[in-house]
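Chemist: One letter stands for each residue in the lines below.
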Amino acid sequence: GAVVSQHPSWVICKSGTSVKIECRSLDFQATTMFWYRQFPKQSLMLMATSNEGSKATYEQGVEKDKFLINHASLTLSTLTVTSAHPEDSSFYICSGGAVEDTQYFGPGTRLTVL
Amino acid sequence: GENVEQHPSTLSVQEGDSAVIKCTYSDSASNYFPWYKQELGKRPQLIIDIRSNVGEKKDQRIAVTLNKTAKHFSLHITETQPEDSAVYFCAASIAGGFKTIFGAGTRLFVKA
Chain A
9 GAVVSQHPSW VICKSGTSVK IECRSLDFQA TTMFWYRQFP KQSLMLMATS
59 NEGSKATYEQ GVEKDKFLIN HASLTLSTLT VTSAHPEDSS FYICSGGAVE
109 DTQYFGPGTR LTVL
Chain B
72 GENVEQHPST LSVQEGDSAV IKCTYSDSAS NYFPWYKQEL GKRPQLIIDI
122 RSNVGEKKDQ RIAVTLNKTA KHFSLHITET QPEDSAVYFC AASIAGGFKT
172 IFGAGTRLFV KA
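For the record, the sequence lines run as chains A and B. Under the numbering used here, the letters of the first sequence match residues 9 to 122, in that order. Under the numbering used here, the letters of the second sequence match residues 72 to 183, in that order.
The hints are simulated quantities; they were obtained by calculation from the structure and are not laboratory data. Do not rely on the hints blindly, as some may be mistaken.
[Stated by the list, open to error] Using 16 Å as the maximum straight-line C-alpha spacing, the simulated EDC-like pairs for lysine to aspartate or glutamate come out as follows:
1) B/K170 <-> A/E60
2) A/K49 <-> B/E110
3) B/K182 <-> B/E154
4) B/K170 <-> A/E67
This is chain A alone, in the form it adopts within the complex (with noise of 0.2 Å):
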């Protein structure tokens, strides 16, 4: 299958800091890629489509300003947690889709704001 990496695969930061996490498709082209928060023992819950070269489109409840991302390139995403807290820690996974409609895991950024 396609492979998606994701850095870093874990971060602590201090409360009021950003943090930026990376999304990279390695051997595919993704216009798309979708971003996902799971919490402990939860489902993963889409917080917002990213496309490349224009805005992403956030699920409704995510703050845009929060949560900041840049499709820069076809292999590119990134996700910026802007002003972390506490609330916001979370294992964030990336998506991206290769071949027809399935989807392809990054292994996930687990984020700890203290």
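Start from chain A and add chain B according to the hints.
Modeler: Chain B alone, transformed into the frame defined by chain A:
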């Protein structure tokens, strides 16, 4: 928008028994239904998928059925093994790279 419901939330079976997980979806436009397995702390891995033009699909011990009329789809795992223990998510999307909506997940325990 699409809403996917998944049951049960927890399922415990004896090794060798079968496990069935059921999902329903709300958007009749959805036509692609993947199933993912997620082990603790790891990314979801696609285990099987089905499209709306097919009623059933099987891959070794795993099978998926789809009832478009009722908007139901199910995952069947036969001859379960301890390594099948994980969280399983159903999902629904519209073909063409549209967003995927996930069910709440089923935590499967297979007892040796």
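Chemist: Are the Cα atoms of A/K49 and B/E110 separated by 16 Å or less?
Modeler: 11 Å, holds
Chemist: Can the restraint linking B/K170 and A/E60 be considered satisfied, given a maximum Cα separation of 16 Å?
Modeler: 15 Å, holds
Chemist: Straight-line Cα separation of B/K170 and A/E67 no greater than 16 Å?
Modeler: 10 Å, holds
Chemist: What's the verdict on B/K182 and B/E154, does the C-alpha distance respect the 16 Å limit or exceed it?
Modeler: 10 Å, holds
When each numbered hint is compared with the structure, no violation occurs for any of them.
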